[in-house]
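Visitor: Chains as they are written, first to last, in the numbering used here: chain A, 1037 to 1470; chain B, 1037 to 1470.
In case anyone wonders, no lab produced these hints; they're calculated from the structure.
In this text the structure is predicted, and so the values were computed from the model without any measurement.
Take every hint as true, because none was put in to throw you off.
Since the list gives no way to pick out one identical chain from another, each pair is judged satisfied if it fits inside one copy or across any two copies.
Distance condition first, Cα-Cα at most 25 Å in a straight line; then the derived SDA-like pairs of lysine to any residue:
{"hint": "1", "residue 1": "1395", "residue 2": "1357"}
{"hint": "2", "residue 1": "1312", "residue 2": "1408"}
{"hint": "3", "residue 1": "1069", "residue 2": "1174"}
{"hint": "4", "residue 1": "1395", "residue 2": "1417"}
{"hint": "5", "residue 1": "1312", "residue 2": "1441"}
{"hint": "6", "residue 1": "1069", "residue 2": "1146"}
{"hint": "7", "residue 1": "1312", "residue 2": "1438"}
{"hint": "8", "residue 1": "1395", "residue 2": "1093"}
{"hint": "9", "residue 1": "1312", "residue 2": "1436"}
{"hint": "10", "residue 1": "1105", "residue 2": "1389"}
{"hint": "11", "residue 1": "1395", "residue 2": "1090"}
{"hint": "12", "residue 1": "1395", "residue 2": "1091"}
{"hint": "13", "residue 1": "1395", "residue 2": "1076"}
{"hint": "14", "residue 1": "1105", "residue 2": "1323"}
{"hint": "15", "residue 1": "1312", "residue 2": "1439"}
{"hint": "16", "residue 1": "1395", "residue 2": "1097"}
{"hint": "17", "residue 1": "1312", "residue 2": "1406"}
{"hint": "18", "residue 1": "1467", "residue 2": "1097"}
{"hint": "19", "residue 1": "1395", "residue 2": "1220"}
{"hint": "20", "residue 1": "1312", "residue 2": "1434"}
Protein chains: 2
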Amino acid sequence: MRLVVIGGNAAGLSAAARARRLDRWLEIVVLEKGPVISYAACGLPYYIEGRVRRLEELQVASIEEFRTKRRIDVRTGAEVAAIRHASREVALAGGERIGYDKLIIATGARAVRSGIQGTDEPYVFPLQTFTDAERLRTFLEKRRPRRAAVVGAGYIGLEMAEVLRARGQRVAVFSADDRLLGSGNGTLRGALARRLERFGVELHANRPVRSLGELEVDGREPDLVLLAAGFRPNVELAAEAGVEIGRTGAIRVDERLETNLGGVYAAGDCAEALHKITGRPAYIPLGTTANKMGRVAGANAAGRRERFPGVLGTSIVRVCGLGVGMTGLSGEDARAEGFEAVSARIEALERPEYFWGVKITVELTADRRTGRLLGGLVMGERGVAHRTNVIATALEGGLGVEQFQTLDLAYAPPYARVWDPLLIAAQQLRKLLS
Amino acid sequence: MRLVVIGGNAAGLSAAARARRLDRWLEIVVLEKGPVISYAACGLPYYIEGRVRRLEELQVASIEEFRTKRRIDVRTGAEVAAIRHASREVALAGGERIGYDKLIIATGARAVRSGIQGTDEPYVFPLQTFTDAERLRTFLEKRRPRRAAVVGAGYIGLEMAEVLRARGQRVAVFSADDRLLGSGNGTLRGALARRLERFGVELHANRPVRSLGELEVDGREPDLVLLAAGFRPNVELAAEAGVEIGRTGAIRVDERLETNLGGVYAAGDCAEALHKITGRPAYIPLGTTANKMGRVAGANAAGRRERFPGVLGTSIVRVCGLGVGMTGLSGEDARAEGFEAVSARIEALERPEYFWGVKITVELTADRRTGRLLGGLVMGERGVAHRTNVIATALEGGLGVEQFQTLDLAYAPPYARVWDPLLIAAQQLRKLLS
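Hey, can you work out the whole structure from these sequences and the hints?
Guide: The structure is reproduced here in structure tokens:
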């Protein structure tokens, strides 16, 4: 039995490692088209910042470890040109063919470039791979650019706006619509816009970019452009082989992460996942999800029967010192999905003042018809991951607002207040629901 | 209609305030025997530390606010001598009688002193009230004691051990048994014992104290003794009036917090609460619980029908810089309660090293028969409240280990790692269960 995994990052390697743990005899081959495997892409902005000194620090595991410790045949520079499911084999770009019994597609996603002219210029950078990061850091050190245009206001765009600003550059962010961090939530937009302004970052909303010539930073042409206009799933290889693509544009999978082709699984940034609140497939590419999907795909490819329960889209990001955490649906999202959504927003100290308490914002959204919590947003300079995860756990447990407002949370002055901001927000929301 | 509340702290005042919000016509009288109301007792160690400069900072609300803004008649120095339920009145120590239609007993708890001889000495201090705190701080400043004996290894005992050590004293803690922070958990005991040793605090376990003459600190007689040997619920007044006392020694209440006497409610440190995991009444006096119980008792006294859902005993405390968070049952507790408990303990970084990640300990306990999570312990210098609360929320939602291990938690390098220590612990626990 041979398992072939296409893609040597979060999802692909989690899958391979899990399959090995469950089946010591399985032959496992991982094909990675790039030069490195297993890197923590989310750390790349901090390499540009300088906090991460060497890219190797972002390497989670080495090829050698996979080969010797886990007996997994990991090959870099191995680009798959075609999947031939009829004959159960993949063809590499160089011509080699590798047969498989089970196949896991973990081809990831790529930065959106299409539609923008001039992106081949040497001062234009995506930030997705080690190569991108190396190129950008070298450019920053050698050329010392002064005006950076960031195209896209998603996670990487805003993280990089902070990093470039901290390096002393003038920075302008261009967003094609009025969404920030992929969200149309008004509370989030207001707070982020104020924060960016305070840090001297220009924010241009509703400014789709068609050519680099349109960009201006501080009234002049930029000498650095960061492309961060989102990701698109790498599905071409799968689609050509007859793998079904879902409405979101990513690979459609069932709850065992199997595609429409028997024995062919997909996981990570190339695949859809069930959204736990809407019950519908969603495309929310995140590293945490990729790792979890990989484990399940690997287990199933190794003969187990495991379910991937789905996602809440829980995320956190730091933008100019402001932590922004989200999980589930915002009021705006929930209404678009047909819920009768009600939201409550509060601001409160997260600790007593004598323990340097800072004000944080909590917005909770619930369904008026059922009283069930649908999602939450937490923003502040501290205590954000904490509370985002409590909301995520409540969503996982299907808690209603009534139940959430009496959660037995921990209190002691160095850490919290008697009434946590989460509970205060829930009390407000409950009043709006009744 | 008149509501009388006995006790002017967390539970009593929450009850009065809630009753007022729900019924603007109700006459509300709060009788507090001490000189102040509404103080955050959990902040007292930090007043002794000096971080809290004036006791008034620990005052949550003033008598004036209650009187004018909420039209609640709050009286201090008003000691209730008897409850005469047959005639629906309370008698004050001075002789005055006050009739009631509804009564809320929120008499709190008192520091255990009984059985120890010599506790009236001027160098012996409990730490429960403003008066205690004032006395102790004055003593520390005027007498500059050098050797402090702390009797009791609960929350206040260990918090005060840190505070007194930080003020330069030799400190020894005496515990009657081998429990620390009220827990018999071995992981917790080991970590705390090491931490106390590192900070030069002597820990004497299994050393019940019968007379102050037995105490030695650094081989000599102490010149300061802190009494922190736990709390006992103030139930005498209630018991004399025919209110039923539960097995735990605290006032027995139903889920609406009504006692066996119709129209008489109890809330806070004098009352039992349902434990959500065992399903049995428990006595776990905490400020968070007192506030929540007060709200429910106040609502019911004002004519609503609300349930108090119970407690998980979630708590957190900082001891010599180590955060210790607990919720639900430890393995030891769970076995004593008849569960077939299985625990897994892991140590892991809570963030990437390049974001100053520190190692934290997570111990999760589940029931082998059902796979349901029963409780958790989190210890470390950071990220403890966060994870304790996630576990508490999972317990509230009745999550199994299977479901817990796939929680969609937030990740970004400044805040977390791709696999949170909670999920790693759950994966370990799941292996032990299967």
